[in-house]
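Once you have looked at the hints, place chain W on chain P.
Chains as they are written, first to last, in UniProt numbering: chain P, 1 to 223; chain W, 1 to 223.
In case anyone wonders, no lab produced these hints; they're calculated from the structure.
These numbers were taken from a predicted model, which means no experiment stands behind them.
One or more hints might be untrue.
Chain copies aren't distinguished; within one or between two, either way the pair holds.
As the list claims (entries may be wrong) - Here are the computed lysine-lysine pairs in the DSSO-like style, where the Cα-Cα straight-line distance is at most 30 Å: (1) Lys-64 - Lys-81; (2) Lys-42 - Lys-117; (3) Lys-21 - Lys-117; (4) Lys-64 - Lys-42.
2 protein chains.
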Amino acid sequence: MSRALHDAATGTLFGVALNYKGLLEQRLAEFEQAPYQKPPVKPVLFIKTPNTRNGHGQPVVYPKGVERLQAGPALGVVIGKRATRVSAEQALDHVAGFTIVNEFSLPEESYYRPAVKAKCRDGFCVIGPELVPVAQIADPHALDIRLFINGEVRQQNSTANLVRGIAQLIAEITEFMTLHEGDVLITGTPEGRVDVQPGDQVEIEITGLGRLANPIVAEQEAH
Amino acid sequence: MSRALHDAATGTLFGVALNYKGLLEQRLAEFEQAPYQKPPVKPVLFIKTPNTRNGHGQPVVYPKGVERLQAGPALGVVIGKRATRVSAEQALDHVAGFTIVNEFSLPEESYYRPAVKAKCRDGFCVIGPELVPVAQIADPHALDIRLFINGEVRQQNSTANLVRGIAQLIAEITEFMTLHEGDVLITGTPEGRVDVQPGDQVEIEITGLGRLANPIVAEQEAH
Numbered sequence: 001m002s003r004a005l006h007d008a009a010t011g012t013l014f015g016v017a018l019n020y021k022g023l024l025e026q027r028l029a030e031f032e033q034a035p036y037q038k039p040p041v042k043p044v045l046f047i048k049t050p051n052t053r054n055g056h057g058q059p060v061v062y063p064k065g066v067e068r069l070q071a072g073p074a075l076g077v078v079i080g081k082r083a084t085r086v087s088a089e090q091a092l093d094h095v096a097g098f099t100i101v102n103e104f105s106l107p108e109e110s111y112y113r114p115a116v117k118a119k120c121r122d123g124f125c126v127i128g129p130e131l132v133p134v135a136q137i138a139d140p141h142a143l144d145i146r147l148f149i150n151g152e153v154r155q156q157n158s159t160a161n162l163v164r165g166i167a168q169l170i171a172e173i174t175e176f177m178t179l180h181e182g183d184v185l186i187t188g189t190p191e192g193r194v195d196v197q198p199g200d201q202v203e204i205e206i207t208g209l210g211r212l213a214n215p216i217v218a219e220q221e222a223h
Numbered sequence: 001m002s003r004a005l006h007d008a009a010t011g012t013l014f015g016v017a018l019n020y021k022g023l024l025e026q027r028l029a030e031f032e033q034a035p036y037q038k039p040p041v042k043p044v045l046f047i048k049t050p051n052t053r054n055g056h057g058q059p060v061v062y063p064k065g066v067e068r069l070q071a072g073p074a075l076g077v078v079i080g081k082r083a084t085r086v087s088a089e090q091a092l093d094h095v096a097g098f099t100i101v102n103e104f105s106l107p108e109e110s111y112y113r114p115a116v117k118a119k120c121r122d123g124f125c126v127i128g129p130e131l132v133p134v135a136q137i138a139d140p141h142a143l144d145i146r147l148f149i150n151g152e153v154r155q156q157n158s159t160a161n162l163v164r165g166i167a168q169l170i171a172e173i174t175e176f177m178t179l180h181e182g183d184v185l186i187t188g189t190p191e192g193r194v195d196v197q198p199g200d201q202v203e204i205e206i207t208g209l210g211r212l213a214n215p216i217v218a219e220q221e222a223h
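Isolated chain P, as found in the complex (with noise of 0.2 Å):
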């Protein structure tokens, strides 16, 4: 990743699960059953623990014994400046810029407990290739986010579809948490999550953010 990039997004990954339009409405059936019984009202958030952390170019390895692997295509957010309970008004004079993340999991039946088994493995999430700055991007909301495998456009949405825009993300976590500068919000990843096997070169394109481009690779055995 860029230096950048590197120097800035140096805190805690935060996960947002179902912020996608087209995700929520294929699930709503599912969270009308125990123990839910209702629709999340609040953004659900998941942490990618340090150890996901991974760069640029950088091999992604597809764990033995596994028998699925998804990429996670992402608008990623990095916050320059602590923050808490801040209003949607002020919460972009929050973020230092704009990254692409690939927040790769193992598929889930259940969407009421992203579990760390599932999402924390080893360099599961892949996060640059610059930090573009807030003023470059005219519009956050409006962006192509595309996945690539081995060339071909497999994944597209757009952030339009985001259910949490990013100052409204920003205003309901910091209700209760601070941000801190580095900290990144992986703001969701879009309905049709596409398996990914050893072999595959997987790149993520979101507009006026560059290509974020990683290998997938069999786990070797232990040495």
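Then chain W, alone, in the frame of chain P:
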């Protein structure tokens, strides 16, 4: 916290849910319902994010608008050496030492998904007062753990009642992710969590590890 602990426990804070036998037994009926239909077969992990870090003697803020806040006495295991796919037999070689953790949470109706919103408020993970080296604790699975509120014992148990012991936890977690020097395993809070109120003095004592004390204070108005 002591300098040694401050320098040692710099990494990711991993919580383990449902790791006391009495607690798991209380919850068995719940696990037989949808969506799980059976008790968890692997450790249920959650993350205490870096904003939750807090030390011995420091105030713990009772958030505004919250109905209940609970203390969470736990044995903390500080990792001393990188651990990937280690066996239970080798696991203790990767431990620097032990400490006390008070893992504060808002009570949750369900254990299906320990929510970031309930677990990750600022200052909700107190660690200390000391890092006690492994060699000083004869048997970490025979330690009394006691919670005092304003000097009165309100919860007590023993690490003899852990569902998964320390070596097994490390082995099962490092099957799928790497633990790093400075990471902390919060080995679980016993059944019978106790509510605390602003003005309370909360203390946890674990055999051989000293006493971790914190006052609960009301949240001030935004400034």
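Within a copy, between copies, both or neither: where do Lys-64 and Lys-42 come within 30 Å Cα-Cα?
For Lys-64 and Lys-42, only the inter-copy Cα distance (17 Å) is at most 30 Å; the intra-copy one is 35 Å.
If the cut is 30 Å between Cα atoms, do Lys-42 and Lys-117 qualify within a copy, between copies, both or neither?
both (23 Å within a copy, 9 Å between copies)
Checking Lys-64 and Lys-81: alpha-carbon separation at most 30 Å within a copy, between copies, both or neither?
between (40 Å within a copy, 23 Å between copies)
Intra- versus inter-copy proximity for Lys-117 and Lys-21 (alpha-carbon distance at most 30 Å):
Classified as both; 26 Å inside a copy, 22 Å across copies.
Of the numbered hints given earlier, the model fails none.
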